[in-house]
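Participant: As a plain string of letters, each chain reads:
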Amino acid sequence: MTDLTDLTVADIRDGFRGGDFSAREVAEAFNANVAAAKALNAFIVETPEKALGAADAADKARAAGETLGPLAGVPIGMKDLFCTQGVQTTAASHMLEGFTPTYESTVSGKLWAAGAGMLGKLNLDQFAMGSSNETSYYGNVISPWRRKDGGNAALAPGGSSGGSSSAIAARLCPAATGTDTGGSIRQPAAFTGISGIKPTYGRCSRWGIVAFASSLDQAGPMARTVRDNAILLEVMSGFDPKDSTSLDLAVPQWEAHLSSDLKGKTVGIPREYRPDGLNAEISAMWDRGIEWLKDAGAEVVEVSLPHTKYALPTYYIIAPAEASSNLARYDGVRYGQRDLPDGAGLQDMYAATRAAGFGPEVKRRIMIGTYVLSAGFYDAYYTQAQKVRALIARDFELAFEKCDLLLTPTAPSASFALGEKQADPLAMYLNDVFTVPASLAGLPAMAVPGGLDAAGLPIGLQVIGKALDEQTVLNASLAIEERAGFTARPDKWW
Amino acid sequence: MSIDLQTVKKIASLSRISVTDAEAEAMVPELNNILGWVEQLGEVDVTGVQPMTAVIPNQQRLRDDVVTDGNVRDKVLANAPQAEHGFFAVPKVIE
Numbered sequence: 041m042t043d044l045t046d047l048t049v050a051d052i053r054d055g056f057r058g059g060d061f062s063a064r065e066v067a068e069a070f071n072a073n074v075a076a077a078k079a080l081n082a083f084i085v086e087t088p089e090k091a092l093g094a095a096d097a098a099d100k101a102r103a104a105g106e107t108l109g110p111l112a113g114v115p116i117g118m119k120d121l122f123c124t125q126g127v128q129t130t131a132a133s134h135m136l137e138g139f140t141p142t143y144e145s146t147v148s149g150k151l152w153a154a155g156a157g158m159l160g161k162l163n164l165d166q167f168a169m170g171s172s173n174e175t176s177y178y179g180n181v182i183s184p185w186r187r188k189d190g191g192n193a194a195l196a197p198g199g200s201s202g203g204s205s206s207a208i209a210a211r212l213c214p215a216a217t218g219t220d221t222g223g224s225i226r227q228p229a230a231f232t233g234i235s236g237i238k239p240t241y242g243r244c245s246r247w248g249i250v251a252f253a254s255s256l257d258q259a260g261p262m263a264r265t266v267r268d269n270a271i272l273l274e275v276m277s278g279f280d281p282k283d284s285t286s287l288d289l290a291v292p293q294w295e296a297h298l299s300s301d302l303k304g305k306t307v308g309i310p311r312e313y314r315p316d317g318l319n320a321e322i323s324a325m326w327d328r329g330i331e332w333l334k335d336a337g338a339e340v341v342e343v344s345l346p347h348t349k350y351a352l353p354t355y356y357i358i359a360p361a362e363a364s365s366n367l368a369r370y371d372g373v374r375y376g377q378r379d380l381p382d383g384a385g386l387q388d389m390y391a392a393t394r395a396a397g398f399g400p401e402v403k404r405r406i407m408i409g410t411y412v413l414s415a416g417f418y419d420a421y422y423t424q425a426q427k428v429r430a431l432i433a434r435d436f437e438l439a440f441e442k443c444d445l446l447l448t449p450t451a452p453s454a455s456f457a458l459g460e461k462q463a464d465p466l467a468m469y470l471n472d473v474f475t476v477p478a479s480l481a482g483l484p485a486m487a488v489p490g491g492l493d494a495a496g497l498p499i500g501l502q503v504i505g506k507a508l509d510e511q512t513v514l515n516a517s518l519a520i521e522e523r524a525g526f527t528a529r530p531d532k533w534w
Numbered sequence: 113m114s115i116d117l118q119t120v121k122k123i124a125s126l127s128r129i130s131v132t133d134a135e136a137e138a139m140v141p142e143l144n145n146i147l148g149w150v151e152q153l154g155e156v157d158v159t160g161v162q163p164m165t166a167v168i169p170n171q172q173r174l175r176d177d178v179v180t181d182g183n184v185r186d187k188v189l190a191n192a193p194q195a196e197h198g199f200f201a202v203p204k205v206i207e
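If you read the sequences in order, they're chains A and B. Take the position in the first sequence, starting the count at 1, then add 40; the result is the number in the working numbering. Take the position in the second sequence, starting the count at 1, then add 112; the result is the number in the working numbering.
Isolated chain B (complex conformation) (with noise of 0.2 Å):
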């Protein structure tokens, strides 16, 4: 299967990075090479085995249902790069 410049295009916009016209042409071959290489995974018989799930095996643990922390705001907005009246900020989403 390869894939052409609009699913390149298709796949820039899935992962919601902005490609220049050069950019996804130039990326068309470079996926095409890495994506061929793993389908030879297609040849392996994998009747009756199931998928992995976790590589060692753990139990799932479960917590009393408390709050365990919580009153750290300020930290959490530390680092936005627009942070107003205490709410990450973001440009108007509704017209």
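Only chain A is shown next, with the shape it has when bound in the complex (with noise of 0.2 Å):
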């Protein structure tokens, strides 16, 4: 029999409606792999019940002749930055260790109603701001891929999603969540050699997970197919009252309008996306994806987004603010962690209390946006900021009036150690150069893998698309995904 834990999102759902095989059998064979993978440290809590729970719901109701959700018998895993009713959440920090909501957030919660079964809470960089999963609370993930030098270097699955991208690399889920506010779903998913998708802003309700920098942060699914990525989007996407910033929109039927067929699309190549010096197997894999949606039946032209260079600053200006704002609930009195020093007043409980309770990385970006944000420095930093994000938006909106989607890196390059950029807080940063613009401007964009570089790592394209139209997204990825045949797989070392 297959190894039920290779089956991709899609084979599980169809083969448990079929009969192939029970919910339960799909559940312990994928808690079994959770089980056996805690040097990855892919997980911050396993709940094995929950993911049979719902499996055995699956079962009960196939035999009774129900209808089944569209997850029905599919355990996924649950990035820890979703509030789980009943489960730990920490958003990898310590501020709120042993946090346990109270409710469900919108996201999470639509996926269990389609049937899906927990399987854990996956790891994330701390409060989600990190590109390598090396400031979570509870250590660092380690990605499943290993350089063929045997040297054995543990790498960095990427961040901030590396649970989940680690733990779907490694077969320990066959999807999972992401969250992405400026390349945490895409380049994790290049690090690891599988697909994920930032929708529009909008699409998915933030409404229960802890908030980072709202107007940025975006949930979306992160699975090995692009199938499978439209399979879970449905699912999650959706109006919510609850969420001010929610699309009210009909959710698209995305996977059934799934075709690779590109004739009558124009793809776009943006000229500053190849600056001097980027990584020759990057522009190399890029080459060859221009050629896979040129065989698709696309036409390719070269646009330009003037703005490109000024992203990343604008992002860390933007980013930190909303933080700093979105992080000044972390008090010591409502939830999370106290630390009230002998004698301590309720400022000095505060000040203590976040000392405590917040990593380096996240009282960085904490300390950056509220020196933006404050008296006298609002304009030049924060307004201007919020100026180029408007023009930054214009350029895409300009490309697109002679394109239909845009192609381009994910990364600069495949995954590093551990350890090699954290030193450098600027030199972590620049790994979202090719992310972050989409960000800024809420445009709906997907990772999807291309190839193993020379070192044996995967290394992937991003196509980004016209706000709203996750349908071309997802079919120049599914276009890529047919010609690119990336099949390679960690091979199991933990």
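I should point out that these hints are in silico values taken from the structure, not numbers from a laboratory. Hints are supplied without guarantee of correctness; some may be wrong.
Think about it this way: if two alpha-carbon atoms lie no more than 27 Å apart in a straight line, the pair counts; the simulated BS3-like pairs of lysine-lysine are [stated by the list, open to error]:
(1) Lys122(B) <-> Lys403(A)
(2) Lys78(A) <-> Lys532(A)
(3) Lys334(A) <-> Lys188(A)
(4) Lys461(A) <-> Lys78(A)
(5) Lys334(A) <-> Lys442(A)
(6) Lys349(A) <-> Lys506(A)
(7) Lys188(A) <-> Lys506(A)
(8) Lys506(A) <-> Lys121(B)
(9) Lys282(A) <-> Lys187(B)
Values in this document were obtained by computation on a predicted structure and should not be read as measured data.
Could you use the hints to bring the two separately framed chains together as a complex?
Facilitator: Right, dumping it as structure tokens:
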């Protein structure tokens, strides 16, 4: 019999419905893989009983001939940024250690209502701030991939959704949730040879997701195939009155309309994404991607996004500014940790609690955000950044007058070794150079694997679409997926 | 514009994060490095550009002014580090 943990979400859904196996068999197989993969540190909390509970409910519903939810029988991983009722939710911080929500986030609630079961809460960068999963209070997540050089260096699974990417690549779950503020779904997907899509801002409700930068935060799925991403995204999307920026639009049937025929579509290649010194293998992969899309019937044109070089500095004003405001809620009063030195007053308690509860990167971003929002500097930094952000969004609008989608690299390099970039925050920030612009413009963007580099590590491509046009993003990604034929997987060492 | 130790301490205080002198000193070059880098935005000509307020055009919704939830005091207090008599408890603030 095939190993159930090698199956995609679509395979599990269809095989379960067709009676090839029970949901319990699937859940048990994934639970066993999760339990045997402690070395990856992908999970903060494991919930095998939740996976089994959902599986038993699915088996019972199938036996009774009831209508099955779109994810009946499918166990998934949940990034520990989504509040889950009765299950600790930490955002990988000490601050929220022990926090057990009394409510369920909208997105996770939709997934459970669709029949999915939870394998556990996935590790991440603390408060989703990081690109390598080295800022978690609960330790680094290790990528299942290793370089072919035999050195066995522990590699970064990307961040911030590094638990999600590592777990999917290692077959600990067939799919997982991610969140993407500046690339936190796409860069980890690229590092681990899987796919992930950040939908248009407002597609997925932010309600119940621990907030980082509210004008940028978007939930999205991560999985091994484009189809699986379409299946999950349909369940996760939809209007939610509890999120003031939620889009009141019907959810398209993305899976049913998947098609890798790109005839009539024009692909834009932004010239600013090929700076001098771009990694040669990344550049070559991009060229291959262009050929694949041509082969699928698309026309290719060069376009210009002139403000691209300002995207990262814009992001590193806006995101910390919003974070400093959002994270003001952690005061040691209402939830989470409290540090109360002897004889301390209320202000001292706040300061001590926040000093003890936040990690260095979180403190750094809160302080940058506080500074750029402080009296006398607000206009020079924050207002200027919001103006440049408007120009970056306009660049995309103008480019989309000439094309239907954009093809770019996802990350400037393949995965790097843990510890390699940690000393220099700025070098780490540059990881998101290709993913941040689409975030600032709220556009749908997807990472899809293209192949392996000379060291044997996955590298991928990014497809960026017009606002609300996830379908074209998924279709172009599918065209790449079919032509790349990416079947590589990490050798099991954990 | 570069920031000094005093400024770092002031930002920390505004952020309600206590820092030791050594921590504050270590942050001076770090924050200067990042702030120096973001300052390149000053060179962008933004004449006539309105600051972005919403990435995707969206209407602000209004709902009827009616109570839609509530009566969940115990749930709200469930994760409080200290709750007493149905309230959040904090150190004494008035002498």
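Participant: State for each hint whether it applies.
Facilitator: Here's how the hints hold up against the structure:
no.	hint	verdict
1	Lys122(B) <-> Lys403(A)	holds, 14 Å
2	Lys78(A) <-> Lys532(A)	holds, 13 Å
3	Lys334(A) <-> Lys188(A)	violated, 32 Å
4	Lys461(A) <-> Lys78(A)	holds, 24 Å
5	Lys334(A) <-> Lys442(A)	holds, 16 Å
6	Lys349(A) <-> Lys506(A)	holds, 21 Å
7	Lys188(A) <-> Lys506(A)	violated, 38 Å
8	Lys506(A) <-> Lys121(B)	violated, 44 Å
9	Lys282(A) <-> Lys187(B)	holds, 18 Å
In summary, the numbered hints that this structure violates are 3, 7 and 8.
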